[in-house]
Amino acid sequence: MSQNIQNIATSFESLINSVGKLSIDEKFKLWKILDEQLSQIEEELWSKDPSFQTEIREAREAYLKGDFVTIDEYIKKVQK
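Mapping of the sequence shown onto my numbering: residues 623 to 702, in sequence order.
Since the hints were made in silico from the structure, they are not lab data. None of these values were measured; they are calculated from a predicted model. Just so it is clear, CB atoms sit at the ideal spot from N, CA and C, and this is done for glycine as well. Mixed in with the good hints there might be a few duds.
Said to hold, decoys possible - Cross-link-like lysine-lysine pairs, in silico, DSS-like; alpha carbons within 30 Å at most: (1) K670 <-> K654; (2) K654 <-> K643; (3) K670 <-> K687; (4) K702 <-> K687; (5) K687 <-> K698; (6) K687 <-> K699.
To be verified - Taking CB as the label site, the calculated pair distances span: (7) F634 <-> K698: 41 to 49 Å; (8) D657 <-> K699: 29 to 37 Å; (9) E666 <-> I638: 21 to 29 Å; (10) E664 <-> A684: 19 to 27 Å; (11) T632 <-> W653: 18 to 26 Å.
Please work from the sequences and hints to get the whole structure.
This is the structure we're talking about:
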C-alpha cells in the first residue's frame, strides 16, 4: 500500500510540474475544467447531505416569504 501512495504522490508531483509549464491560456482552461468538475462533485455530495438539504429548503422558504436582504441592502447596512 505504501508503494501505491508513493506512486500517487509522484504522479501528482509530475502533474504539478506539468501545470507550471502551461501557458496562461492553458492554465485558465484547466482552471475552468477543474472548477466545473468540482462544482459537480459538490452538488452530488450536497444532494446526499440531509443537513444541507434542510438548509436549502429553509433558504427557499425564506426567499418565497420575502425574508431576505439583497446584497445592496446588506452593503448599505454594513457601511453605516
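Hints, verified against the model:
Distance check on the hinted pair: K670 and K654 sit about 25 Å apart at the alpha-carbon level, within 30 Å; holds. Pair hint K654 plus K643 holds up; C-alpha atoms about 17 Å apart against a cutoff of 30 Å. At most 30 Å may separate the alpha-carbon atoms for a hinted pair to count; K670 and K687 meet this at roughly 26 Å. Note on K702 and K687: the hinted pairing holds, with a Cα-Cα distance of about 26 Å set against a maximum of 30 Å.
Proposed proximity of K687 and K698 is supported: the alpha carbons are some 22 Å apart, at most 30 Å. Distance check on the hinted pair: K687 and K699 sit about 21 Å apart at the alpha-carbon level, within 30 Å; holds. Against the hinted window of 41 to 49 Å, the Cβ-Cβ separation of F634 and K698 comes to about 46 Å, which satisfies the hint. Our hint of 29 to 37 Å for D657 and K699 holds, since their Cβ atoms are close to 31 Å apart.
For E666 paired with I638, a C-beta distance near 26 Å keeps the hint of 21 to 29 Å intact. One distance hint, 19 to 27 Å for the beta-carbon pair E664 and A684, holds here, with the actual separation near 22 Å. With their beta carbons about 24 Å apart, T632 and W653 fall inside the hinted range of 18 to 26 Å.
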